[in-house]
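Asker: Protein chains in written order, with the numbering used here: chain A, 1 to 133; chain B, 1 to 149.
A few of these clues could be false.
Stated by the list, open to error - Keeping only pairs whose Cα atoms sit at most 30 Å apart, straight-line, the calculated DSBU-like set for lysine-lysine is:
| hint | chain 1 | residue 1 | chain 2 | residue 2 |
| --- | --- | --- | --- | --- |
| 1 | A | 101 | B | 140 |
| 2 | A | 101 | A | 53 |
| 3 | A | 109 | B | 140 |
| 4 | A | 9 | B | 85 |
| 5 | B | 91 | A | 127 |
| 6 | B | 91 | A | 9 |
| 7 | A | 122 | B | 85 |
| 8 | A | 119 | B | 74 |
| 9 | B | 85 | B | 52 |
| 10 | B | 74 | B | 91 |
The hints are simulated quantities; they were obtained by calculation from the structure and are not laboratory data.
Next come the chains, spelled out residue by residue.
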Amino acid sequence: MSAREIQPKVKEEAPARAERVRPGRVFLPNVDIFETPEALVLMADMPGVAGDKVSLDLKENQLIISGEISPPLGEGESLISQEYYTGDFYREFQLGELINKDKIEATMKDGVLRLYLPKAEKAKPRKIEVKVG
Amino acid sequence: MPIIFREPELEPFRELEQLQRRMNRLFQSVFGREWAPWTAGVYPLVNLSEDKDHLYLRAELPGVRPEDLEITIKDNSLVLRGERKIPEEEKNANYHRRERESGYFRRVVRLPSPVDPNNVEATCKDGILTVRLGKPEEVKPRQIQVKSV
């Protein structure tokens, strides 16, 4: 399928929202967002974040995803050279669709979050039949 | 994830990478800040660390499956190659954002010290690859007792 070479991207830091309790940097995860007739699907790259360290917050149409990373170095290790920085992830989205909150599914695999946000009934497109009178 | 030991091929990019790293350091020493991100180098970016017995190479490879990674070690060079596949979603998916990249990658990393090729272990966890390379006896730090005479 894709025969192109990946270009390295430096992670973008998230704009500071509030005073954080946890020290360290915060980055914006790279995301893919796509829409199907039934749902919005969001995929986010959050390397170093374990499944139980992801948190999701959906208030009205604002979605916040965040993840805390595990310690990037083992005990007694010291860095020799560093090309990428490590830190937590945080990103906010404004959703244009109403979401059925009870049916949201989130899975985390190999550092990738997949979020399935089913549309609420009234947001689904409805085909209106035009009757020929 | 196969770990293969063999002769390194010609690495025309290795010198470039080294040059780039030197430039980065120079930049940092002159301007007092990090090298600007537009020359990030070769994917994936790697961090190197060490402890007494091992050298560690780490790279952020979210969504890359271990079977799509190949690591080759010869002398002081580690070659990391693989492919990041992002499965196509259903046909009627309408993309709003596409920031995640797919494709292949190949990176040669010059290791700062010799490693024991029989003592290498690679693991993938939460999208982070860790290659643990054992240091041979002769490069391990040794404490030297000072005798009084």
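Asker: Which of the numbered hints are not met once you compare them with the structure shown?
Answerer: As far as the earlier hints go, 1, 3, 7, 8, 9 and 10 are violated by this structure, in ascending order.
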